[in-house]
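Novice: Sequence:
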Amino acid sequence: MAAAAVCRPASFFPRPVGPGQRRRSGRSLASGSFPSTSRFPGPRPCRFLCSASSSPSQWGMGVRCRAAGTESKATSDAAVRSGEPGQDRFRVADSGRLEFIDSCRPYKTDSVPVSNIRNFCIIAHIDHGKSTLADKLLQLTGTVQMREMKEQFLDNMDLERERGITIKLQAARMRYVLDNEPYCLNLIDTPGHVDFSYEVSRSLAACEGALLVVDASQGVEAQTLANVYLALENHLEIIPVLNKIDLPGAEPDRVAREMEEIIGLDCSTAIQCSAKEGIGIAEILNSIVTRIPPPNDTSQNPLRALIFDSYYDPYRGVIVYFRVVDGSIRKGDKIYFMASGKDYFADEIGVLSPNQMQVDELYVGEVGYLSASIRSVADARVGDTITHFGRRAASSLPGYEEATPMVFCGLFPVDADQFPELRDALEKLQLNDAALKFEPETSSAMGFGFRCGFLGLLHMEIVQERLEREYNLTLITTAPSVVYRVNCANGDIIECSNPSLLPEPGKRRSIEEPFVKIEMLTPKEYIGSLMELGQERRGEFKEMNYITENRASLIYELPLAEMVGDFFDQLKSRTKGYASMEYSFVGYRESDLVKLDVQINGEPVEPLSTIVHKDKAYAVGRALTQKLKELIPRQMFKIPIQACIGSKVIASESLSAIRKDVLSKCYGGDISRKKKLLKKQAEGKKRMKAVGKVEVPQEAFMAVLRLEKEVM
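In full-length UniProt numbering, the protein residues as written are 1 to 712.
Please keep in mind that the hints were generated in silico from the structure rather than gathered at the bench. Don't take each hint at face value.
Unchecked claim - Ranges between beta-carbon positions, derived for each pair: (1) Leu232 - Gly332: 36 to 44 Å; (2) Leu232 - Pro604: 45 to 53 Å; (3) Glu427 - Glu461: 15 to 23 Å; (4) Gly491 - Asp415: 53 to 61 Å; (5) Gly602 - Lys679: 22 to 30 Å; (6) Gly602 - Pro398: 50 to 58 Å; (7) Glu348 - Ser376: 14 to 22 Å; (8) Thr548 - Lys517: 40 to 48 Å; (9) Glu348 - Asp415: 36 to 44 Å.
To be verified - In the EDC-like style, the derived pairs of lysine to aspartate or glutamate whose C-alpha atoms are separated by at most 16 Å in a straight line are: (10) Lys572 - Asp297; (11) Lys428 - Glu468; (12) Lys331 - Glu348; (13) Lys331 - Asp343; (14) Lys614 - Glu549; (15) Lys437 - Asp415; (16) Lys437 - Asp492; (17) Lys648 - Glu504; (18) Lys576 - Glu525; (19) Lys542 - Glu519; (20) Lys629 - Asp592; (21) Lys168 - Asp127; (22) Lys524 - Glu543; (23) Lys334 - Asp360; (24) Lys616 - Asp592; (25) Lys334 - Glu361; (26) Lys437 - Glu402; (27) Lys572 - Glu582; (28) Lys334 - Asp379; (29) Lys627 - Asp592.
The structure presented is a predicted model; accordingly, all values stated were derived computationally and were not measured. Yeah, the Cβ is synthetic: ideal placement off N, Cα and C, and Gly gets one too.
Just need the whole structure built from these sequences, with the hints factored in.
Specialist: What follows is the structure in structure tokens.
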């Protein structure tokens, strides 16, 4: 019987045989009981589902079964076997494939040789089936029982499930046996949106290989290319996978040619699969074992472990996810964080399978978690190196390149008393989201808050929602902006993310704004619409290539400020959802930018100031003044609302006064009496206007901020 896969009788890995010890024979393992251990004392019943030609002498470390798609109905006298402890349940589908149902096995984590460890991640464009494939891998390897299985299993945030996207990288340890050899597969599921590319880069640094998943009906997308280039920079082994081949519109052969022409990968061995239907999953597992190289065996070196993620637990403190690069770590070891200079005792270490499972020791190449009662979020940062306190490593690991924020906005609590809670929440969230940057900010309209930096608009929305949901905060968000570079007359260069920090016109020589290179992949019939969109946003056309007969790539360089608004929404609406985009920062360029101030009753209102291009200043100023006229309540005196560039007024509206009828008591008499009363009223209104102060309500600020987001 030609066997292509092995289904293990239990999720154990054999420990290396020590001196003076005898290896247990395969017969004792196949006799229906486990060796008695401290974790699982006593015999464990263990029945196996295997083909009729298998014999106990052939079982060894596992039961040999036919691979998916090769199991015939004749070899299975029962379609489904009942589950008992230590047993996997399978069924034979009508197509003849062997399908995994669930596992009733006890969990056990023993070590495997370093040569049998495989660390890999899944990369793809958004909505190409990464999470579905990860679910099927967890299911087929028996890592998650069928009764616990749910869609997007690794996406454990409600926000991820509601939006149908992956926001955070998630790690999971799987067990797999091929040709009687047990293997440990460490999977990291990554996000697909361009705003979370920093999560992808951190995942790639902890792996030796990657599954590149491409939708067989949509083909190569913009983020597919970006992720491939990241993987090649990290020298990873890339396994191309064509997903969703069960769809009626799937064209796997065409997509394989696209991948060869655009990316340059050899797709002759590309795996065609359907994660939803379970087709080709066994071939993917076999390729992971045979094609992805194991980590280097540096177990004799001093401990060096790279922190690739972390989060804050209110009961256990900071929980660190790390990968052991050199040496090993045991429970109870005194460890040292090389960047922060802090030392702690490792109270608990374990693996993610995918839930946290405690173990006594982790070796080189393994991925796990660590709890050491770390209360300060600054002591264990992403990218830091863990080593032993007594036997420290000579040098730390390279870590990660610092994330550069692209979009900035202000976050203010509605209730001023929540400012300390907002600060603590941002510190804890930064532990889990290393791309988030923030600094304190004060606004005359909204009080104390923080100026926060994000990788994109979606990143900004996700952070705001997480703060409100996870930390019970009610927040006000200002309009998104970018960092401008101001060249002053005295030769100084100032970076300005807030219009209120912009120097006076006489003190600055020029203003530079950030530009990005954007690549849009679109069907050929929408090329004209996207070119029009690029020109409207002050874009500079660079290149157009036909990557296939029906698809083209448009490359523009345009200001980042033009993209932080509704650019992505416009791109999707103009192409009926078929286009995709990917962008990268290219540098600063000088532009004709001005500061647009809003004055109410002659007093400037700093929170409503904004930096705009001179060509758009009039349209933005007109929209702001008209909106403020609707929102500001009328006073006893006339209120002028003006949009100004320096001292020049470019748009103006006036709010008429509430007038008291002072002539109501004059039922007759000379006209001079009426004029005297009206003159006295006008003098009073003039005096009131000079000393009066207009309070702009909070609702007006919120409405204007929403308007700025639309207009900008």
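Novice: Each hint: holds or not?
Specialist: We went through each hint and held it up to the structure:
Judged by the Cβ atoms, the range 36 to 44 Å given for Leu232 and Gly332 holds: they are separated by roughly 40 Å. The beta-carbon spacing between Leu232 and Pro604, approximately 52 Å, falls within the hinted interval of 45 to 53 Å. With their beta carbons about 20 Å apart, Glu427 and Glu461 fall inside the hinted range of 15 to 23 Å. Gly491 and Asp415 have their C-beta atoms about 44 Å apart, which leaves the hinted 53 to 61 Å range violated.
The given range of 22 to 30 Å is respected by Gly602 and Lys679, whose C-beta atoms sit roughly 23 Å from each other. In this structure the supplied range 50 to 58 Å holds for Gly602 paired with Pro398, their Cβ-Cβ distance being about 57 Å. Remark: the range hint 14 to 22 Å for Glu348 to Ser376 is upheld by a beta-carbon distance near 18 Å. Taking 40 to 48 Å as the suggested C-beta distance range, the pair Thr548 and Lys517 does not conform, at roughly 22 Å.
Checked against the hint of 36 to 44 Å, the pair Glu348 and Asp415 passes, with Cβ atoms roughly 37 Å apart. The straight-line distance between the Cα atoms of Lys572 and Asp297 is roughly 48 Å, outside the 16 Å bound, and the hint therefore fails. Pair hint Lys428 plus Glu468 holds up; C-alpha atoms about 13 Å apart against a cutoff of 16 Å. Restraint check: the Cα-Cα separation between Lys331 and Glu348 comes to about 6 Å, which is no more than 16 Å; the hinted pair holds.
With a C-alpha separation of about 15 Å, the suggested pair Lys331 and Asp343 falls inside the 16 Å cut-off, and the hint holds. The hinted pair formed by Lys614 and Glu549 fails the criterion: a straight-line CA distance of about 41 Å is larger than 16 Å. For the proposed pair Lys437 and Asp415, the alpha carbon gap of about 22 Å is over 16 Å, so the pair is violated. For the given pair, Lys437 sits about 24 Å from Asp492 by alpha-carbon distance, which is inconsistent with the 16 Å threshold.
Annotation: proposed proximity of Lys648 to Glu504 holds, straight-line Cα distance about 14 Å (limit 16 Å). Of the pairs offered as hints, the one joining Lys576 and Glu525 holds, with about 11 Å between alpha carbons and a cut-off of 16 Å not exceeded. With a CA separation close to 10 Å, the supplied pair Lys542 and Glu519 stays within the 16 Å bound. Distance check on the hinted pair: Lys629 and Asp592 sit about 29 Å apart at the alpha-carbon level, beyond 16 Å; violated.
Distance check on the hinted pair: Lys168 and Asp127 sit about 15 Å apart at the alpha-carbon level, within 16 Å; holds. For the hint pairing Lys524 with Glu543, the CA-to-CA distance comes to about 14 Å; that is within 16 Å, so the pair holds. Among the hinted pairs, Lys334 with Asp360 is consistent with the structure: their alpha-carbon atoms are about 14 Å apart, no more than 16 Å. A threshold of 16 Å between alpha carbons decides the hint, and for Lys616 with Asp592 the separation of about 11 Å falls inside it, so the pair holds.
With a CA separation close to 13 Å, the supplied pair Lys334 and Glu361 stays within the 16 Å bound. Proximity of Lys437 to Glu402 is assessed by CA-CA distance (about 11 Å); at most 16 Å being required, the pair is judged to hold. Under the criterion of a C-alpha separation no larger than 16 Å, the hint pairing Lys572 with Glu582 is consistent with the structure, at around 13 Å. Between Lys334 and Asp379 the CA atoms are separated by roughly 15 Å; this keeps the pair inside 16 Å, and the hint holds.
With a CA separation close to 26 Å, the supplied pair Lys627 and Asp592 exceeds the 16 Å bound.
In terms of the numbered hints stated before, the structure departs from hints 4, 8, 10, 14, 15, 16, 20 and 29, listed from lowest to highest.
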